[in-house]
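Chemist: Sequence:
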Amino acid sequence: MTTFAELGIDQDIVDSLAEKGIVDAFPIQEQTIPLGLPGQDIIGQAKTGTGKTFGFGIPVVQRLGLDPAPGVKALIVVPTRELAVQVYEDMDMLTRGRSTSVVAIYGGKAYEGQIDQLKAGAQIVVGTPGRLIDLAGQRLLDLSNATEVVLDEADKMLDLGFLPDIEKIFQKVAPVRHTMLYSATMPGPIVALARRFMSNPIHIRASDPDEGLTQANIKHLVYRAHSLDKDEVIARILQAEGRGKTVIFTRTKRAAQRLVDELSDRGFNAGAVHGDMSQEARERSMAGFKAGKRDVLIATDVAARGIDVDDVTHVINHTIPDDEKTYLHRAGRTGRAGKTGIAVTFVDWEDLHKWALINRALDFGQPEPVETYSSSPHLFEDLDIPAGTKGRLRKMPATAAVPTVSGEAGGEAGASRPRRRRTRGSGGGSTDGAATENRSASGEGAGTHDGGGSEHHDGKSAPRRRRRRRGSGSGAGAGSAPAAG
DNA sequence: AAAAAAG
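Numbering (the numbering used here), first residue to last: 942 to 1426.
Honestly, the hints are just simulated from the structure, not real lab data. Among the hints, a few may not be true.
[Stated by the list, open to error] In silico DSSO-like cross-links for lysine-lysine, where the CA-CA straight-line distance does not exceed 30 Å:
no.: 1; residue 1: 1160; residue 2: 1280
no.: 2; residue 1: 1160; residue 2: 1231
no.: 3; residue 1: 1231; residue 2: 1050
no.: 4; residue 1: 1050; residue 2: 1234
no.: 5; residue 1: 1160; residue 2: 1295
no.: 6; residue 1: 1280; residue 2: 1295
no.: 7; residue 1: 1050; residue 2: 1109
no.: 8; residue 1: 1050; residue 2: 961
no.: 9; residue 1: 1160; residue 2: 1234
no.: 10; residue 1: 961; residue 2: 1280
no.: 11; residue 1: 1280; residue 2: 1234
no.: 12; residue 1: 1060; residue 2: 1113
no.: 13; residue 1: 1234; residue 2: 961
no.: 14; residue 1: 1280; residue 2: 1231
no.: 15; residue 1: 1160; residue 2: 961
no.: 16; residue 1: 1113; residue 2: 1050
no.: 17; residue 1: 1231; residue 2: 961
no.: 18; residue 1: 1060; residue 2: 1050
no.: 19; residue 1: 1109; residue 2: 1060
Required output: the full structure, derived from the provided sequences and hints.
Modeler: Next up, the structure:
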C-alpha cells in the first residue's frame, strides 16, 4: 500500500495527516493526487468512504503554496451546509502546518463572522452555492482570483437543481484555473456536461468497472414493508448486537421529525437533521452524533452525501430512495474507511418499482419480489436483533436489572421516566429536531456516552411495554408516509 | 414530487 509520504506531498501536510493517524493512501488518493499536484483537471470517481476529500484537498493546499498574499485563491463547492462544515474541518487540518487560512461560507448562519474572515484574507473558501453567490453579489467575496476550483459531490452540483447556481459561480472564478470534480457517482451525461467547465479533464475511476458500484464492505438487506410496523422493526434493529451508530433516512422532513419524536419517546438517543430545523439545531445534532452523545441520527437526504461519521454500523432506509445514486450515497454513510456496515431498506408497497430500478442499476441480483420481513429468518440472523418480541419495543435500559413488564400496566415506567408531551401538531413544530434534550432514564443513569456501543443493551429479554395511546399520527408501518403531496 | 440551497 502506498503512503502519503510517497506521493510527492509536502512534508508538513504529511505530518498533519500523520498526527491524525492517517498514513496510508486510498486508491483514489494514490491515483489522483500525483495528477492534481501539477494542475491536471480531474474528474475523480471512487466509492463512498474511500477518501475523496483528501484527493482534492491535498493538491489544493499544496498548490497554493506558502504565498502569504491574502485573498481567495481556492473554492470548494459542496451541496449541503453540514458538508461545508466537514470539508472545512478537513481543509483546516491539512493547512495546520502553514499560514493558509480557510473559511466556510454557507447559509443559515450570521453573515458577520464569515465576512470578517473574508476580510481578514481567507485563501480557501468552502461553501454552499446560495451564500457564495449572495456574498459575491454584495462584493464581499471576490472569486476572480480563485484558480483552484472543486465541486465535491459533483454530479449533485451539476444536477438540475444546482446547475444554474454552479454556472454563475463558474462565471465568477478565474477563467484559467485548475478544476477538480469528485463524486462516487458520475453518470455519463453529467461527465459530458462537466467537461464544459474543465480543460482536458482526465476521468479517474478508482475501482474496477467490473466490480460494480456498491461497496463490498456494506451488506445490503432489503425488506418489503407491506403491513409492517416499521417503527417497531426499527426499534428492534436499534438493539442489534454490536450496533454502533445508526443513520435512518426518511423521504420527508416531516417523517424525519415524527420518527425522531417516536424513537426518542421509546428511549433511544436520537437526533435529527433536516431542512426544517434551524441551522444551529442542525449543527448541534450533527456534532452530538459525531461525538457519540447520540447514537441515532434521523435525516432526510440532506445527510445522504459526504457526511463522514466514524463507527456508523447501520444505515436504515425508512423509505426507499428514488434512485440508485441516492441509495448508494445513503448506504455509504456506513462501511467507511475499510470498515464494514449494514444497510437495511424498507420497501413500501407503492415503492416496489423503485426497488426494481435500484436493484437493476446496482446489479444486486436479489430475487424479486423482495423478501418479506415476517417470513425472513435472515433478518434476525443478519441483524442479530432480539427476535420473538411483540408489542411496542423501547430501548433496553442500560441497567440490566429492569424487570420485564409484559402487561399494560406502565405505572413504574412512568415513574422512572418523565412523560414528555409531544411537541407536534400546531404550527408544524420545528422545535430543534433533537426532539428531547433530556431523556433521563436512558440518558444520565446509563452513562451518556454510548460511543462504545453495544455493551449497554445486553438484554435480549422481552421488551417492556409502556402504555401509550396509539394512532395519534404515529401510525403503523406502511402508511407512515405523509398523505401524498 | 421531495430535498437542498439565500433570506
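Chemist: Taking the hints in turn, state whether each one holds.
Modeler: Hints versus structure:
1. At roughly 11 Å between alpha-carbon atoms, residue 1160 and residue 1280 fall within 30 Å of each other, so this suggested pair holds.
2. Restraint check: the Cα-Cα separation between residue 1160 and residue 1231 comes to about 22 Å, which is no more than 30 Å; the hinted pair holds.
3. Between residue 1231 and residue 1050, the direct Cα distance comes to roughly 20 Å. Compliance with the 30 Å bound is thereby established for this hinted pair.
4. Proposed proximity of residue 1050 and residue 1234 is supported: the alpha carbons are some 24 Å apart, at most 30 Å.
5. Under the criterion of a C-alpha separation no larger than 30 Å, the hint pairing residue 1160 with residue 1295 is consistent with the structure, at around 19 Å.
6. About 28 Å separates the Cα atoms of residue 1280 and residue 1295, which keeps this hinted pair within 30 Å; it holds.
7. In summary, the hint linking residue 1050 to residue 1109 is supported, as the alpha carbons are separated by about 22 Å, within the 30 Å threshold.
8. A threshold of 30 Å between alpha carbons decides the hint, and for residue 1050 with residue 961 the separation of about 29 Å falls inside it, so the pair holds.
9. The suggested pairing of residue 1160 with residue 1234 holds, with an alpha-carbon distance near 26 Å, which does not exceed 30 Å.
10. Simply put, residue 961 and residue 1280 have alpha-carbon atoms about 17 Å apart, close enough for the 30 Å limit, and the pair holds.
11. Of the pairs offered as hints, the one joining residue 1280 and residue 1234 holds, with about 21 Å between alpha carbons and a cut-off of 30 Å not exceeded.
12. At most 30 Å may separate the alpha-carbon atoms for a hinted pair to count; residue 1060 and residue 1113 meet this at roughly 18 Å.
13. Annotation: proposed proximity of residue 1234 to residue 961 holds, straight-line Cα distance about 21 Å (limit 30 Å).
14. Restraint check for residue 1280 and residue 1231: the C-alpha separation of about 16 Å stays at or below 30 Å, so the hint holds.
15. This hinted pair checks out: residue 1160 and residue 961 have alpha carbons roughly 28 Å apart, not beyond 30 Å.
16. A threshold of 30 Å between alpha carbons decides the hint, and for residue 1113 with residue 1050 the separation of about 23 Å falls inside it, so the pair holds.
17. In summary, the hint linking residue 1231 to residue 961 is supported, as the alpha carbons are separated by about 16 Å, within the 30 Å threshold.
18. For the hint pairing residue 1060 with residue 1050, the CA-to-CA distance comes to about 17 Å; that is within 30 Å, so the pair holds.
19. For the suggested pair residue 1109 and residue 1060, the alpha carbons sit about 22 Å apart, so the restraint of at most 30 Å is met.
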